[in-house]
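Enquirer: With chain A fixed as given, assemble chain B onto it according to the hints.
Quick note, the sequences are listed as chains A and B, same order.
End of the first sequence sits at 346 in the numbering used here; the numbers just go up one at a time, nothing left out.
End of the second sequence sits at 730 in the numbering used here; the numbers just go up one at a time, nothing left out.
Hints in this document: simulated from the structure, not taken from any laboratory.
Fair warning: there could be bad hints in the mix.
[Claimed, not checked] Using 25 Å as the maximum straight-line C-alpha spacing, the simulated BS3-like pairs for lysine-lysine come out as follows:
#1 A:K239 <-> B:K670
#2 B:K670 <-> A:K342
#3 B:K686 <-> A:K290
#4 B:K702 <-> A:K251
#5 A:K342 <-> B:K189
#6 B:K670 <-> A:K245
#7 B:K702 <-> A:K34
For reference, the chains in residue letters:
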Amino acid sequence: MTHKEMIEKVLTNIEKVMIGKRNIAELSVTALLARGHVLLEDVPGVGKTMMVKALAKSIGADFKRIQFTPDLLPSDVLGVSIYNPREMEFEFRPGPIMGNIILADEINRTSPKTQSSLLEGMEESTVTIDGETMRIPQPFFVMATQNPIEYEGTYPLPEAQLDRFLFKLKMGYPTKLEEIEVLDRAEKAVPIDTLETVVSLEELIELQKAVTEVKVDNTIKSYIVECASQTRDNPYVYLGVSPRGSLALMKACQAYAMIKGRTYVTPDDVQYLSPFVFGHRMILRPEAKYEGVSTSEIIERILMKVRVPVDKVQLK
Amino acid sequence: MTGTRIDRRLLLILYILALILLREWLIPVIELTNSDHLTLFLLFVALSFLLALIKAKWWIVVPTKILFILSATHYVFFDKILFTQETLVHLSGNLLTNAPIIMNGDWERITNPFRTVLFFALLWMTTYLIRHWIEVRKSILLFYIMTILFIAFIDTFGGYAAGGAIFRIMVTGLLLLGLLAITRLAEKHNTSIPTGTFLAISVPLLFAVVVSGALANFLPKQDPIWPDPLPYFESIVQGHGEGGGGAKSGYDTNDATLGGSFVQDSTLVIEAKVASEQYWKIETKNTYTSKGWEQVSVDDVQTSYTPGMKMGEIAGQGNVEDTAQLLADLKVSEKFPFIVYPYGMNKVYATKDVVFQHLEEAGKYSTEIGGKEEVLDSYQVEFTEPDYSLKKLRATRMEDFSEVAEDLTQYLQLPEQLPERVKELAKNITENQESVYEKTKEIERYFGRNGFVYSQQGVAIPKAGDDYVDQFLFDTKKGYCDNFSTSMVVMLRSIDIPARWVKGFAPGEFVLNDEGEKVYQITNNEAHSWVEAYMPGVGWMPYEPTIGFNSLTDIEYDIELNLDDTLTPEVKKPEQPKKKQDKKTVKTDKDFKSSEIFKSVGTWIRNNLWLVGAIGFIVIFAGWRLFVGRVKWLPKVLVYTHRTKQEDWVTFTKRYTSLLKQLDRSGLKRATGMTLSDYATSVDKYFGGERMKMLTTAYEKGLYGGNITDHEWFELKEIWEGLINRTSG
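Pulled out of the complex, with its shape left as it was, chain A reads as follows (with noise of 0.2 Å):
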């Protein structure tokens, strides 16, 4: 079975549940594949919880769900230390994190300080309780949720946070045959609960390793990278996209080349992925906002001016 099959496999399984919405779960699995993390923004009842779901029956892996409330601790999220009178010590009890797949839903309605545990553990792979550092279990995979429409009472993400992410995404609604599509499938039974896994934990960490493997060439490189400098020279743009933002971007090009069943990134995954890598890592000044330019829009700008690479031209 190829690389591509086993994704394709996947892929073919969350459809049975989520109907019309073959980017984002293609999307989802590319940030899975390049061991990064997504947002997504939107209403609620669209399917977020629904496709994490489904992806993690996929691939048989753990699925934790985190529900984010102002009160929320540190330790909710992470886990807590507890003496154990019989024992005479402290045993841990490993919180939510500690699964492969986890939804952390409307993530900015709780206070920062939790906020940054989760977010840690997302960088690093790793998580600090009472001064003791323990590994998550891979694979590891965050799909974090956040509420556009309720401001009152919410702490929203600072810009450097967002940027552990890989993707922010937008699900949006489904077109009307979708949504009766939905309602049919859904009449007699959970589709949820009918999905078999169809891809092993262990292959999937295999496919992790396979992505690193895509080739991506010099030209593809340098395309990336002025990608990424023209929004820092953008004059609508007051924060570009960090270098980080850039490796981000070459990861998920690799991953979503292997979906698409190449070995070798192309200039048109670079320009499919940027606007879900780029949208979220740019800071726009107020004037921007005034002449309603979108971070999309700008984003868009720029690829129409960048000189796509159609040869082996020596680089500057």
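Expert: For chain B alone, coordinates are given in the frame of chain A:
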């Protein structure tokens, strides 16, 4: 026949116009092949069209036409319309003999009746083709262009004057084109135009064609700016021919068309070891045709001489006063079947046993052995330089011609259409002189005193209707020896002094040989023409009207003592400064011979700046058009040049890059921010198929994936060829 049918009456008009066009083909063909019976062939064409018009069935058409062909052939060769048994047998026998001849490809032996039949067959096919063009294609442009090209071609390169023909072709052809265009228009909109409406629509067309045709015919037209190409090419092919008005200087027997530029040719023709400068005569010509010279002799007296034999009283020798015998040693490198000789020739010595056939009127000594032309490459001429007594010459009077025994009328010949002003000019120049000699001298001197220019470049060729001499005397005033000498002869004749035109070589330049003797080297550049005029009581005497050339004759100034001094310098003076000037010009010519070609090219370009500019413009414009339109032809070149290359990544990259450029040129632009696969999608959408996608995938695999070996090169090549060929369409 498919397509909408053309109205019968309209078709009749179209066929008549086509018949007129076809007639323009037949006229020159028949004229140039010296055939006859144009009417018969035209009748055949008319018959063909008529049969088409009445929509005759093929089993009527074919026998009718065959019958017509046979009876026409019969008529041509037996001059009888009705067959008789005898002629029928003869004709069929004649035609049948051709079968084996054709089988053997022995085209020369085809009999004339059969040729006629073949020509009819050709006409048959042609009419069918024209019918196809008119009735089915409804477009006659191809035939029209071919007709114009054909007529223009034979007018330019053949002996056919197409002045009227081209006008007829323009008018009929344009009418035909216009009418067919209207029918095409009707066909396009699926309507048939009623005949009345059709005629109404045709009125503006008729008006436009007739008015523009009439304007074109009557408006003044620019003369051709280059010389007539026919003699030019002829002279190139023959390698020499001043007389032909063409490319190179040198001796040529054909002087029918004088004029035109020529280039220098310094090929050595004769080396003459002789003590003093001599004019080397070859022949004279007596009939002026308005365009050039011809020798018309009904029964010229022919005398045979052998080497060493006394040549007798040769015309031009006149009254020989001096008896000092001179000797000229000639070495001729050109293959002349005649001798060139100095004035006053007595005897010719040759090593070969030749016979000199002397044609008295033409003044030519042909060299023959046993009745066949023989080239004599070296011979000796014994001659006496003629010396003329000025006293005697001054005594010549016009009335004395009546006492001359010789018949001189042929030397007074002039073309009927010679403009009157030539005669008047000659009269004006000479009316103050009494003696024939002085009159002749006046005309000889006229050119040097009246702003005439010697030039070998840009010399006009008279058009049909123009007179060579008249043009030179009054319009161009620029020319070389032929212009001057011919003009002088014509002017002399117009005032009733017998004169003739002489051809030969000028004296040339001398070098000293080892023995210190003068050897004159005569090249093709020295080919020359001058004048002989008849002085009553003296005989034929050479004159040199061409500016820049020495006078020919030694005049003994025996009159000096008797007359006042003022006269003498008058005779002598024009000679002296001329002589010096001539030497100079001749000398510079010699010194800069190597740069002569560049000079003449430069002069030519300066004289034809207009033409050069036009050609340059056309070349640049054509190049520019070719460059701009390379989207059309470049793919073929690319496919061809890439065909034999080694199939590998490098070749493929080149192909793909060239394809990108070609697509860009063909209008499918790729924005800088557009990826190749997006571009491929749009290209495939445009052309259909998935060829660009396949090529792009392979290219990306190599470019981004670094995989430059694992490809189906030949398949890719075919896809590439298929796609790039589409781009030009």
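Enquirer: Checking one constraint from the list: CA of K239 (chain A) to CA of K670 (chain B), max 25 Å. Satisfied?
Expert: The given pair, whose Cα atoms are some 40 Å apart, is violated under the 25 Å limit.
Enquirer: Does K189 (chain B) lie within 25 Å of K342 (chain A) when you go C-alpha to C-alpha?
Expert: Between K342 (chain A) and K189 (chain B) the Cα gap is close to 53 Å, so the pair fails against 25 Å, i.e. violated.
Enquirer: Is the Cα-Cα distance between K670 (chain B) and K342 (chain A) 25 Å or less?
Expert: Holds, at roughly 20 Å.
Enquirer: Quick one, are K702 (chain B) and K251 (chain A) close enough, alpha carbons at most 25 Å?
Expert: holds (16 Å)
Enquirer: Holds or violated: K670 (chain B) and K245 (chain A), Cα atoms, limit 25 Å.
Expert: Between K670 (chain B) and K245 (chain A) the Cα gap is close to 29 Å, so the pair fails against 25 Å, i.e. violated.
Enquirer: Take a quick look at whether K686 (chain B) and K290 (chain A) sit within 25 Å of each other, Cα to Cα.
Expert: holds (22 Å)
Enquirer: Please verify whether K702 (chain B) and K34 (chain A) have alpha carbons no more than 25 Å apart.
Expert: holds (17 Å)
Hints 1, 5, 6 from the list above are not met by this structure, while the remaining hints are.
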